[in-house]
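Visitor: Here are the chains, one letter per residue:
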Amino acid sequence: MLVFIIRRMMQSVVVLLVMSLLVFLGVFAIGNPVDILISPQADQEDIKRTIAALGLDKPLWEQYWIFLQNALHGNLGMSFAHGTPALRLIFERMPATMELAVCAILLAIFLGIPLGLWAGLRPNGVAGKSIMTVSILGFSLPTFWVGLMLIMVFAVQLGWLPSNGRGETVRVLGIPLSFLTVDGIRHLILPAVTLSLLNIAMVIRLTRAGTQEAMLQDYVKFARAKGLSNSRIVGVHVLKNIMIPIVTVIALQFGSIIAFAIVTESIFAWPGMGKLIIDSIQLLDRPVIVAYLMVIVTLFILINLAVDIVYSMLDPRVRIADNKG
Amino acid sequence: MSLRTVKKAMGGMLAETLGKTAAAVLLAGAIGLGLAGPAQAVDLKIAMSSPPTSMDPHFYNLFSNINVSEHVFDSLVKLDPDSRIIPGLAESWKLVNNLTWEFKIRKGVKWHDGSELTTEDVVWSLDRPATILNSPGKFDVYTKAIINKKVIDKYTIQLTTNQPYPLMLNDLTSIFMVQKKATQGLTSDDFAQGKGMIGTGPFKFVSYARDDRVELVKNPDYWGPKPAWDKVTLRFIPNPATRLAALLSGDVQAIENVPTPDLPKVRQDPKLSFFSKISHRVIYLYFDAKRDKSPFVTTKDGQPMDKNPLKDARVRNAISMAINRQGIKDRLMEGLSEPTNNLVPPTLFGYNPALKTVKYDPEGAKKLLAEAGYPNGFGVTLHTPNNRYVNDEKIAQTIAQNLTRIGIATKVEGMPMATYSSKGIKHEWSFGLLGWGAQTGEVSSPLRALLACEDSKKGFGTTNWGEYCNPKMDVVLEKALATVDDGERSKLLQEATAIAINDGGIVPIHQQVTTWATQKGITYTPRTDERTYAHNFKPQ
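Protein chains in written order, with my numbering: chain A, 1 to 325; chain B, 1 to 540.
Take these hints with a grain of salt, some might be off.
Mimicking DSS-like on lysine-lysine, the simulated pairs with C-alpha atoms at most 25 Å apart in a straight line are [as the list claims (entries may be wrong)]:
no., chain 1, residue 1, chain 2, residue 2
1, A, 58, B, 472
2, B, 366, A, 58
3, A, 48, B, 458
4, B, 426, A, 48
5, B, 300, B, 231
6, A, 48, B, 457
None of these hints come from the bench; they were simulated from the model.
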């Protein structure tokens with residue numbers, strides 16, 4: 001197991017290096033950040049001085065080399081537009097995005113699994129069929145449309161919930177969290193629902209398929225013959241056996257949710273990381289773009305590693321091989 | 001009675017008593033708060049359309065940063081809603097000689113911590129912009145003309161330039177006064193936590209949550225007209241639909257930049273008030289005026305041309321005549337644009353009333369094109385940003401249709417501003433749409449940047465993407481930039497504008513109009529410089 005983890009770490013370092021190089025080249029290909037950022041009132045001399053001050057007059061390979069050296073010290077550069085260290089910008093915004101992502105995943109689990117079980121146990125009933133139809137909507141409706149519709153209905157027409165922003169936060173271990181206040185929860189509801197829709201649909205379908213397959217298995221017939229109650233059969237035996245693919249998918253989706261909460265964050269003016277990356281791309285704020293992508297890639301790598309380890313623990317038939325030959 | 005019953009009864013009575021006591025306490029508390037508390041605090045929440053990147057007023061010359069800084073800090077001179085210069089912290093000024101300006105600072109202006117503003121702070125604030133590190137756009141473009149500062153007394157200061165510099169006042173509108181004591185040794189980053197956020201402005205700084213909001217409270221000792229609001233929250237909501245939804249749902253009481261598709265609805269809504277004003281931002285077309293073989297100019301069937309028709313002033317003027325500016329205003333901009341043939345709106349210094357808006361005349365345009373030697377027209381690609389100006393890509397498409405009708409087959413190529421300007425600065429486009437906002441409130445700003453021959457030593461032609469060069473115009477412009485007398489300078493600037501526009505250096509389309517919307521009962525004094533100030537909102 002240890003060898004496996006070490007090998008994974010080494011692969012991850014390679015991935016990070018390649019990714020940072022690609023971003024450097026990519027942003028360089030679009031153009032010079034100073035041209036976007038500097039005031040139009042500035043003259044050529046000012047532009048030259050600003051370019052030199054930001055280190056953008058050096059050849060690309062030299063800029064990349066400086067970046068690598070700083071990265072080893074934990075410094076991923078200063079944002080051009082904000083004048084703050086890029087990593088600090090990202091970590092400032094991370095709790096907000098994490099909060100939203102965790103809520104979305106919890107919604108997916110606690111709504112998706114029961115609904116999927118129900119649909120799987122009564123596939124031909126009215127409830128079962130309507131759950132499946134609604135799940136198709138979850139796949140096909142675009143996030144930004146759903147978000148705006150929810151705002152229109154619940155905030156503008158009914159006035160029940162706030163239309164945007166994050167609620168009051170409470171500091172826990174120095175991290176501001178908003179789900180611990182009533183105001184915070186009110187602000188969380190609409191964006192979390194918008195973000196989780198796709199995942200709820202996916203979990204419903206997975207659970208339903210798994211349930212239908214499991215109910216036909218011999219062990220279920222045997223359990224029924226033994227006289228176990230229905231709730232015990234479904235709640236304990238069937239559920240445990242269908243969990244593995246669901247857990248895997250949910251864990252992988254978690255990374256996607258964090259990375260792609262961009263649309264939801266823009267619509268709900270949620271001060272998270274996703275909005276930061278979009279704004280930085282428009283401003284060609286290269287240090288922030290590079291830092292953000294590296295943080296996300298690291299996150300994906302860690303999640304994938306965790307899923308692999310948990311998978312091997314859940315399913316006794318799978319063993320992570322330490323290749324000896 | 002059994003013990004159980006007694007216990008139940010006791011419990012019941014206890015609960016009842018507790019409940020009654022609690023209710024009484026709450027009620028007393030509520031009344032107490034109501035009686036003893038101060039008058040109702042009047043709060044204002046505004047939704048802005050782009051977030052600032054720093055709280056340091058000297059860090060980055062960016063519109064949204066300046067907009068927020070104006071609430072907490074003041075400059076020596078300010079711009080009124082029509083972009084005319086008015087006294088700020090300096091109550092009067094005079095020219096001692098051609099090179100020296102003397103400013104008298106208002107007496108008794110208090111910083112937010114109670115101490116008094118003196119010329120020591122003024123000197124510090126004029127020096128500080130040049131010392132800022134890591135800024136992508138420093139403010140020292142506005143202070144570098146000042147080569148010497150002489151403090152006469154606590155309230156009088158003389159600023160000297162090495163050449164006659166008529167733009168001194170316009171430049172000073174962008175430099176905010178900060179307290180020397182509070183900002184010594186601070187980096188721009190420190191301001192985000194509130195360090196150094198001691199100003200003289202109408203509001204005191206409370207807190208800043210990056211990309212989310214800025215919280216302010218009223219400054220009761222403000223030297224100017226007292227703001228109507230006790231607490232102000234500036235929220236940043238870039239998504240236009242969300243911004244409007246926030247106003248409709250009551251989460252904010254005012255917004256700036258009403259999204260264009262919702263304008264008719266907002267104007268008719270009885271629960272909302274709508275305000276608009278002509279902006280200093282002009283939308284115009286520029287042409288490749290240098291190359292004989294221009295990459296995006298072709299014959300009608302797509303073959304490259306040996307001669308570049310855009311170098312001929314008659315072709316450029318024909319293009320100007322072919323554009324239906326009124327049609328764009330009525331059908332595309334919902335009436336919210338002002339067709340123009342000038343570079344600045346009428347209230348700005350240097351506006352030339354003799355340059356009338358070009359009438360829509362497709363027949364005349366075709367005749368002029370034929371005169372220039374292109375009776376059958378030619379082909380061209382019009383490049384434009386698609387995320388920068390109001391309806392930018394749609395305006396370009398309308399213009400393309402107008403031009404195709406007179407024989408110039410036009411294709412439109414839209415792209416995000418980041419890509420567009422990176423290539424535009426390298427002169428890669430042949431024909432494009434762009435905008436310019438005269439932040440200094442006068443016309444030498446666009447003349448210098450867009451139409452003067454490129455000269456990095458003089459700082460001319462920084463945004464002259466078509467490399468237009470008319471030495472006659474440059475001579476007049478340079479004379480104007482050295483003329484301190486307002487009347488003389490105005491005449492020279494008008495002359496320079498006329499030379500460049502009549503030559504078709506650029507073709508102005510219209511001045512943008514900025515929009516604001518509030519909940520009924522709140523009025524706003526709209527501004528030509530597009531800024532949104534909480535102190536300009538008043539309850540009716």
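Visitor: To test your reading of the hints: which numbers does this structure violate?
Guide: 1, 2, 5
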